[in-house]
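J.: Quick mapping for you: the protein sequence lines, in order, are chains A and B. Take the first sequence: its position 78, counted from the start at 1, is 78 in my numbering, and no numbers get skipped. Take the second sequence: its position 80, counted from the start at 1, is 80 in my numbering, and no numbers get skipped.
Hints may be right or wrong, so weigh each one.
[Unchecked claim] Below 20 Å or equal to it, Euclidean Cα-Cα: the simulated SDA-like pairs (lysine to any residue) are:
| id | chain 1 | residue 1 | chain 2 | residue 2 |
| --- | --- | --- | --- | --- |
| 1 | B | 112 | A | 71 |
| 2 | B | 38 | B | 66 |
| 3 | B | 3 | A | 71 |
| 4 | A | 71 | A | 29 |
| 5 | B | 38 | B | 71 |
| 6 | B | 3 | A | 58 |
| 7 | B | 38 | A | 114 |
| 8 | B | 38 | A | 112 |
| 9 | B | 112 | A | 29 |
| 10 | A | 71 | A | 9 |
| 11 | B | 3 | B | 67 |
| 12 | B | 70 | B | 85 |
[Said to hold, decoys possible] Okay, the calculated beta carbon distance ranges per label pair:
| id | chain 1 | residue 1 | chain 2 | residue 2 | range |
| --- | --- | --- | --- | --- | --- |
| 13 | B | 52 | A | 40 | 44 to 54 Å |
| 14 | B | 81 | A | 20 | 37 to 47 Å |
| 15 | B | 7 | A | 100 | 29 to 39 Å |
| 16 | A | 71 | B | 14 | 29 to 39 Å |
| 17 | B | 70 | A | 18 | 22 to 32 Å |
| 18 | B | 81 | A | 74 | 34 to 44 Å |
[As the list claims (entries may be wrong)] Partial chain B-side listing against chain A, Cβ under 10 Å, derived:
| id | residue |
| --- | --- |
| 19 | 4 |
| 20 | 19 |
| 21 | 27 |
| 22 | 31 |
| 23 | 68 |
| 24 | 72 |
| 25 | 97 |
| 26 | 109 |
If you are wondering where the hints come from, they were derived from the structure by calculation, not from laboratory data. Since this is a predicted model, take the numbers as computed values, not measurements. Ideal placement from N, C-alpha and C gives every residue a C-beta, glycine not left out.
The lines below spell out each chain.
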Amino acid sequence: EAGVVQSPRYKIIEKKQPVAFWCNPISGHNTLYWYLQNLGQGPELLIRYENEEAVDDSQLPKDRFSAERLKGVDSTLKIQPAELGDSAVYLCASSLELAGGPNEQFFGPGTRLTVL
Amino acid sequence: AQKVTQAQTEISVVEKEDVTLDCVYETRDTTYYLFWYKQPPSGELVFLIRRNSFDEQNEISGRYSWNFQKSTSSFNFTITASQVVDSAVYFCALENEPMDSNYQLIWGAGTKLIIKP
């Protein structure tokens with residue numbers, strides 16, 4: 001079974017440029033997460049989707065970040081314009097959430113963004 | 001407030017030694033879930049274990065074992081006879097069960113484990 005797929009793996013852009021990340025979750029997983037991870041720290045949730053609905057986007061900087069999950073499958077995270085402080089690894093994860101508590105999340109390899 | 005503390009920033013041991021990674025959590029909920037994830041140098045987070053607050057049984061999986069103690073709010077992870085391949089950053093995480101079922105995973109800062117040959 002294929003895992004969570006993310007692209008690109010690496011991205012280098014200049015500040016003020018736009019950038020987009022793509023995620024394809026595990027087939028059948030209804031919940032999708034975007035995290036930001038800085039070096040030496042744990043992941044920080046940006047947005048969580050249940051199917052196509054964003055159920056938690058409280059940590060998403062909405063002035064420059066946007067996300068969508070079309071048809072409740074693939075998802076795209078966009079930053080426009082990028083700032084120097086956005087340099088980090090952007091992780092996508094998916095899980096199959098049913099009644100009975102949260103299940104484990106399966107993570108993709110991440111996209112390492114460098115803003116110059 | 002929910003919080004996860006992994007006080008050990010980095011641990012270095014020689015191969016075949018046993019090592020314990022500490023995790024202390026804070027929550028006011030009676031129902032919650034605890035997780036451990038491994039992040040090897042390749043970067044991909046890998047799930048290791050999930051434990052709910054009503055199950056205090058310790059768990060053993062091969063060389064890995066987990067000690068859950070509600071009395072001390074700890075969920076420690078022990079690797080027996082460590083191997084070089086165990087070198088990674090290990091994260092402990094807490095997920096509560098809110099009224100609206102909008103779970104939020106709270107992550108610790110991680111412990112970097114270095115196993116020397």
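J.: Of the hints stated earlier, which fail here?
T.: Going through the list in order, the structure violates hints 1, 3, 5, 7, 9, 10, 12, 13, 16, 17, 20, 21, 23 and 24 and respects the others.
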